[in-house]
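Chemist: Residues per chain are reported as follows:
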Amino acid sequence: MTASVKVFLMVVSLIALAPSALAQAVAPAPMGALTPANLAKQRPKAPFDLTGTWMHDNKEGPNSWRFVPPTFKLTPQAQEHYDAGQKATKEGKVYRDDIGQCWPAGMPLIMTRVWPIAMIQLPTAIYMTSAFMNGLRIVYLDGRAHSDPDIVVPSFNGESIGRWEGSTLVVDTKYFPGHHHWMDQAGVSIPASDQLHIIERMRMINNGNVLEIEYTMTDPKSWEGEWKTTKRWNRVNEDITEAECWPDLNDHIRSTSSSSQIREGQ
Amino acid sequence: MKKVQFLFASLIALAIAASALAHHSPAVFDRTKEVKLVGAVKEFRWSNPHSFIELDVRNEKGETDTWAVEMNPPSYLVKAGWKSSTVKPGDMVTVVVNPLRTNEKVGKFVSITLPGGQVLADAPGPAR
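If you read the sequences in order, they're chains P and L. Under my numbering, the first residue of the first sequence is numbered 1, with each subsequent residue one higher. Under my numbering, the first residue of the second sequence is numbered 267, with each subsequent residue one higher.
Think of the hints as simulated: they come from the structure by calculation, not from any bench. Wrong hints could be hidden among the right ones.
[Said to hold, decoys possible] Only part of the chain L face toward chain P is listed, based on derived beta-carbon distances under 10 angstroms:
hint: 1; residue: 292
hint: 2; residue: 294
hint: 3; residue: 316
hint: 4; residue: 318
hint: 5; residue: 322
hint: 6; residue: 324
hint: 7; residue: 328
hint: 8; residue: 330
hint: 9; residue: 366
hint: 10; residue: 367
hint: 11; residue: 373
hint: 12; residue: 374
hint: 13; residue: 377
hint: 14; residue: 379
[Claimed, not checked] Distance ranges between label pairs, derived from CB positions:
hint: 15; chain 1: P; residue 1: 170; chain 2: L; residue 2: 325; range: 51 to 61 angstroms
hint: 16; chain 1: P; residue 1: 201; chain 2: L; residue 2: 326; range: 57 to 67 angstroms
hint: 17; chain 1: P; residue 1: 92; chain 2: L; residue 2: 302; range: 46 to 56 angstroms
hint: 18; chain 1: P; residue 1: 34; chain 2: L; residue 2: 351; range: 36 to 46 angstroms
hint: 19; chain 1: L; residue 1: 381; chain 2: P; residue 2: 195; range: 48 to 58 angstroms
[Unchecked claim] Quick look at which bits of chain P chain L covers, simulated, 3 or more residues with Cβ under 8 angstroms:
hint: 20; segment: 84-96
hint: 21; segment: 151-161
hint: 22; segment: 258-265
Ideal Cβ positions, reconstructed from N, Cα and C, are used throughout, including at glycine.
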């Protein structure tokens with residue numbers, strides 16, 4: 001390699017590296033929730049620790065897993081889906097059961113599936129893994145703000161930022177994909193849009209054995225006003241297991257491909 | 267926009283209420299009907315989020331229909347007395363299912379009578 005070629009390659013390398021070096025100088029990367037220095041920061045002791053396995057309490061009735069209130073006022077586009085869902089129910093079918101087609105349940109439904117949720121609470125974040133399709137949800141507690149909307153990658157469980165208000169953990173969740181995401185399953189077909197915004201007020205009761213969450217949900221693309229509901233979870237003595245929607249699962253769970261399904265575009 | 271109030275017929279509500287367990291909605295199954303299938307196990311899979319049995323059943327024309335029998339996950343089946351070795355391909359069994367409302371050869375598992383006569387359900391409690 002000649003000297004001139006070496007110089008040329010060095011210049012090209014510097015040009016290629018310059019943007020990342022500049023970015024680092026302007027905005028240092030925030031510390032990850034599991035970065036030792038972040039974990040080691042001095043913080044007030046958390047009022048409670050969610051570490052454990054939790055199961056939604058369905059003692060309130062067979063529909064206690066639902067988040068849609070008894071009365072609601074939908075936007076025209078959500079109304080269209082709702083009406084199609086009601087029509088399908090009357091015909092003995094289900095409309096857009098995307099969870100059954102292996103799409104994630106997403107927030108808030110992931111919280112009340114009849115599957116346990118394993119939670120690990122650290123000073124910087126709470127890691128929740130639902131046994132239902134191993135749905136991962138992370139609630140950041142390290143004081144960070146929501147991500148830049150132009151940068152964040154939307155997800156079915158959204159981006160959750162928590163802060164302590166006395167003995168209550170207030171969790172703000174937003175940034176959803178706005179497709180294949182529903183507020184209910186089969187029949188009450190109300191879509192969750194990319195404007196879905198969920199506030200959870202979490203508190204521990206019954207000596208730390210019951211988690212109670214008060215939900216306040218808005219989605220101006222789908223309904224008017226706020227939806228509110230309160231759910232409870234009990235600590236359970238069990239482990240979660242791996243559960244995936246394997247590519248061949250629905251080949252065998254044939255109801256998901258039967259004529260009883262009104263699928264996207266039908 | 268119009269104000270909507272939804273009321274569920276009791277049967278539909280019951281059917282949908284169980285949907286949180288399945289990865290898909292069981293509202294498509296007619297819980298008021300039971301179909302008894304007698305046949306040979308083609309495949310039994312012990313898996314999350316569902317176990318299933320594929321059952322070869324001789325129809326009235328003498329042809330074989332393969333029924334898909336959809337079941338709860340192993341964590342529930344274990345509590346009802348199941349093991350991954352409870353059935354194997356070739357076993358002659360009787361299976362009771364709630365059929366699809368659209369009459370395809372798919373059912374939600376209710377109970378099984380094993381070759382030795384033992385009856386098992388899908389979840390703890392007596393076989394329905």
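Chemist: Going through the numbered hints above, which ones does this structure break? Give me the numbers in ascending order.
Modeler: Hints 5, 6, 7, 8, 13, 14, 17 and 21 not satisfied by this model.
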